[in-house]
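Visitor: Okay, here's what each chain looks like letter by letter:
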Amino acid sequence: MISIRDLHVEFPHRRGLVTAVRGIDLDIHPGECVAIVGESGSGKSVTARTLVGLAGPGAIVRSERFDIDGQDARRFTDDQWRQRRGGFAGLILQDALVSLDPLRTVGAEIGEVLRVHGHRGDRAARVRELLSTVHVPEPERRAGQYPHQLSGGLRQRALIASAIAGGPPLLIADEPTTALDVTVQAQILALLAERRAAGETLLLISHDLAVVARLADRVLVMRDGLIVEAGETGTLLSAPGHPYTKKLLKAVPSAATRGKRLGGTGEVRPAEPPGEAVIEARGLTKRYGKHTVVADVDLTVGRGEIVGLVGESGSGKTTVAQLLFGLVAPTSGSVTFEGAAWTGVPERRRRALRRRMQFISQDPLSSFDPRWTVRRIVAEALPRGAAVEPLLDRVGLGAGLLDRHPRQLSGGQRQRVAIARALAPRPSLIICDEPVSALDVSVQAQVLDLLADIRATDGTALLFISHDLGVVHHLADRVLVMHDGAVVESGPVDDVFRRPAHEYTRALLDAVPTLETL
Amino acid sequence: MIVLRRLGAGLVVLWVAATAAYLALLAAPGSTVDSIIGDGADTPLIRSQIVQEWNLDRPALLQYLDYLWRFGHGDLGRSYLLQRPVRDVVGDQIWPTFELAIAAALLGIALALVLALTTRRPWSRRVSSTAELVLVSTPPFLIGLVLLSVFSFQLGLFPVSGDRGFAALILPAITLALPVAGVLTQVLRDGLDRALEEPFVVTARARGLRERAVLARHALRHALLPAVSLLGWLCGTLLGGVVIIETVFGRPGLGQVTLQAVTSEDMPVVLAVVVFSAAAYVLLNTAADLALLVIDPRLRGSTS
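Protein sequences, first through last, are from chains R and G. Counting with the UniProt record's numbering, you get residues 1 to 518 for the letters of the first sequence. Counting with the UniProt record's numbering, you get residues 1 to 304 for the letters of the second sequence.
Quick caveat, the hints were computed from the structure, so don't treat them as lab data. Note that beta-carbon positions come from the ideal geometry of N, C-alpha and C, so glycine has one too. Worth double-checking, as some hints may not be accurate.
To give an idea of the interface, some chain G residues facing chain R are shown, with a C-beta separation under 8 Å as derived from the structure [said to hold, decoys possible]:
#	residue
1	57
2	158
3	199
4	202
5	203
6	207
7	208
8	209
9	210
10	212
11	218
12	222
13	280
14	283
15	298
Derived coverage of chain R by chain G (criterion: at least 3 residues anywhere in the stretch with Cβ under 8 Å from a Cβ of chain G; other residues may be distant) [stated by the list, open to error]:
#	region
16	84 to 98
17	113 to 120
Simulated restraints, written as ranges between beta carbons of each label pair [claimed, not checked]:
#	chain 1	residue 1	chain 2	residue 2	range
18	G	193	R	401	28 to 36 Å
19	G	290	R	372	22 to 30 Å
20	G	3	R	140	39 to 47 Å
21	R	56	G	190	53 to 61 Å
22	R	372	G	120	32 to 40 Å
23	R	380	G	213	29 to 37 Å
24	G	16	R	287	42 to 50 Å
25	R	380	G	298	48 to 56 Å
Please build the complete structure, drawing on both the sequences and the hints.
Guide: Pasting the structure below:
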């Protein structure tokens, strides 16, 4: 179906060419599901887009062979490429909120494919049919709605409907579930499996081995524009040959990796048993108008303890963080921090204790002043005159980065700077809101190792907010599961995740794609 | 609901404008009667007429309320200089100005759309950007004079001055439209550039859409959003522009009326022009807000 030899893709840049793909071979046979897995910058997305002739502006594509459906695509004219797009291959991107035109109705977006590919007959009826195919309830009503009016799962289904509208034999899905909650992700993966059963060929692009594991026949592991390893899925996952594949697999946090280092080898230094409560919340409730965002949450984090707070988007976990941090006042309930009343007291009284509680966000870039250097960012949090270097050294950053600006750092480096800044005032508690969600798995491994080290050496308590159950199971001592603003279950992480008592926890756990069940 | 709120806000702006104009009249040096007469004939009869018309012998609050009441009903008072009701003075001259402003606006918008959509390739884009910059930074009267000297004096294609039908409208409209087109083209092009970076454009291209269709069906709507927000600015530019353009081209119109009223201190006419400008501004801004609601469903704020 697709046969490519020695594919190179380069982009013109201010100083010469930047190579995104440097010589890969790719074969896709009808009816199979192939997955390309790699971290950011590996060239996996560029490869996917090159298959539909959309490598990007100014891209230089070279290859020894580039056959699409038996024809030489190297000689395709613009018109020939256009016929293939949507007709031969449908493209599904991440996050339909931005991948569907936000100013047009879902029906118009799907109908557009039909129009371009010369669909005869009643277009509106076909749109409804397509929406039903991807299991969108009330297709009539949904077709008239805009992407922002649909839930994440529904609009991803609508995006899939638009990709299959032209009846393409090949579906290319580039991170199709990355922006979704785990339960929704499971549904979308099931839908993709269904498309495959219906005879379509699938090319999956993902950063997550676990996501593609159940679906793919073959997996190609990409790094720096090269395929480092390719093989049948089961074999590749159980007996990886290339060191990079091994490293990737080892870096995935899960129950099995508890207490071990994800990045290097060996164990994390065991932590002292948790001490007295650092922060204690009782009956925490927050209402906005009639809407209850947080309902009666009790939460305690002991000295040196890591408490995980898991839940899907909209479950209220970030609001809990804001309440604990004293950024918003609770409607009712109270928080005690280091033995002193934290809610209901004037900010003047809280200020002295503020340094003892620090915060790390998912996106540190927006929490830095873009004009400041790393040195200034960290020094601001330190006592006057204290040296910055030892702190950077602790989070594994060299002194060479001191005079860089946040934009000049990689995602992992930025998160380390954020951690260094949080550590500077020697806090007793760090609230981490999705601190590793935006990071590649190998970088995530390093940051998780670092957090575990910090807890073990300093006895710093961590409240670790995450949607990723694997990460929480790897790192946390205790876990609280939130759903619709309330804590539905809590306890030691092994008890909760291995013997879930609440049906929501069970549903959440079932939805998580894991490598272990293979 | 949103529509009602915008209209309500518009009324408030109008009320503030009318009140500000009224306060300016009261605060002018000398007696209010003197201000209203301006350079007009000053006789005891006229003075008593003015006192009666503006209720100057009654309490201040009543004067003000009566003034609002009259304005609300379209009674803009009487110009004692021109010996005519202000409504007639403005009403007579509004049409030529309206004609000119609409023609210029339509021409400017059309030009901007065509330029922004057709100059996508690097070299044409560079040429167009340079031209826009020149147009934006050249004063309109200069453009007008250049156009006049070339097309009217040298080539004799268009009448030099006056308001004699369509031919006389062309040069003034172009003069007023060029700077508008310059600014709008830049805003539209910028909007197109940003829209084309969005992921949904990749999706649209992956459907097999032609580049033209990607631009027209997807990117353009996104680019229109910032451009539509500029409608209020457009109104200000056009109103300010007509005063100059009508003088350069010797056209009758509101600009001429304003100029004369200001130089001869004909306060009732000045007041009417101020409130009229505010009304036009409010009208266009409200229209812009409503147009944004039509273009961008996310602003309608109803999620289900």
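Visitor: Each of the hints needs a verdict: does it hold here or not?
Guide: So, going through the hints one by one against the coordinates:
Contact between residue 57/G and chain R, as hinted, is not supported at the beta carbon level, the nearest pair being about 54 Å apart and thus beyond 8 Å. Because the closest C-beta pair between residue 158/G and chain R is about 41 Å apart, greater than 8 Å, the hint is violated. For residue 199/G, the suggested interface contact is upheld, since its CB lies about 5 Å from the closest CB of chain R, less than 8 Å. A least Cβ separation of about 6 Å between residue 202/G and chain R falls short of the 8 Å threshold, and the interface hint therefore holds.
With a cut of 8 Å, the hint placing residue 203/G at the interface with chain R holds, because the nearest CB-to-CB distance is about 5 Å. Evaluation of the residue 207/G hint against chain R yields a held restraint, the C-beta minimum of about 4 Å falling below 8 Å. The restraint placing residue 208/G at the interface with chain R holds, with a minimum CB-CB distance near 4 Å, inside the 8 Å limit. Among the interface hints, the one on residue 209/G holds; its C-beta lies about 6 Å from the nearest C-beta in chain R, closer than the 8 Å criterion.
Residue-level restraint check for residue 210/G holds (minimum Cβ-Cβ distance to chain R is 7 Å; threshold 8 Å). Interface hint at residue 212/G: violated, since its Cβ lies 11 Å from the closest Cβ of chain R, which is beyond the 8 Å cut-off. Taking 8 Å as the C-beta contact cut-off toward chain R, the hint placing residue 218/G at the interface holds, the least distance being around 5 Å. Hint on residue 222/G holds. Least Cβ distance to chain R is approximately 7 Å, under the 8 Å limit.
Interface restraint check for residue 280/G: the shortest CB-CB distance to chain R comes to about 29 Å, outside 8 Å, so the restraint is violated. For residue 283/G, the suggested interface contact is broken, since its CB lies about 25 Å from the closest CB of chain R, more than 8 Å. For residue 298/G, the shortest C-beta to C-beta distance to chain R is roughly 5 Å, which falls under 8 Å, so the interface hint holds. With 11 residues bearing a CB less than 8 Å from a CB of chain G, the region 84 to 98 of chain R meets the requirement of three and the coverage assertion stands.
With a threshold of 8 Å between beta carbons, the proposed coverage of the region 113 to 120 of chain R by chain G holds, since 3 of its residues qualify and at least three are required. Between residue 193/G and residue 401/R the CB atoms are about 33 Å apart, so this pair conforms to the stated range of 28 to 36 Å. A hinted range of 22 to 30 Å for the beta carbons of residue 290/G and residue 372/R is inconsistent with their spacing of about 43 Å. Judged by the Cβ atoms, the range 39 to 47 Å given for residue 3/G and residue 140/R is violated: they are separated by roughly 27 Å.
Taking the beta carbon of each, residue 56/R and residue 190/G are about 21 Å apart, not inside 53 to 61 Å as hinted. A C-beta distance of roughly 38 Å is found between residue 372/R and residue 120/G, which places it inside the suggested range of 32 to 40 Å. The given range of 29 to 37 Å is broken by residue 380/R and residue 213/G, whose C-beta atoms sit roughly 51 Å from each other. For residue 16/G paired with residue 287/R, a C-beta distance near 37 Å fails the hint of 42 to 50 Å.
Under the hint 48 to 56 Å, the C-beta atoms of residue 380/R and residue 298/G, about 37 Å apart, miss the expected range.
Checked against the numbered hints listed earlier, the structure breaks hints 1, 2, 10, 13, 14, 19, 20, 21, 23, 24 and 25; every other hint is satisfied.
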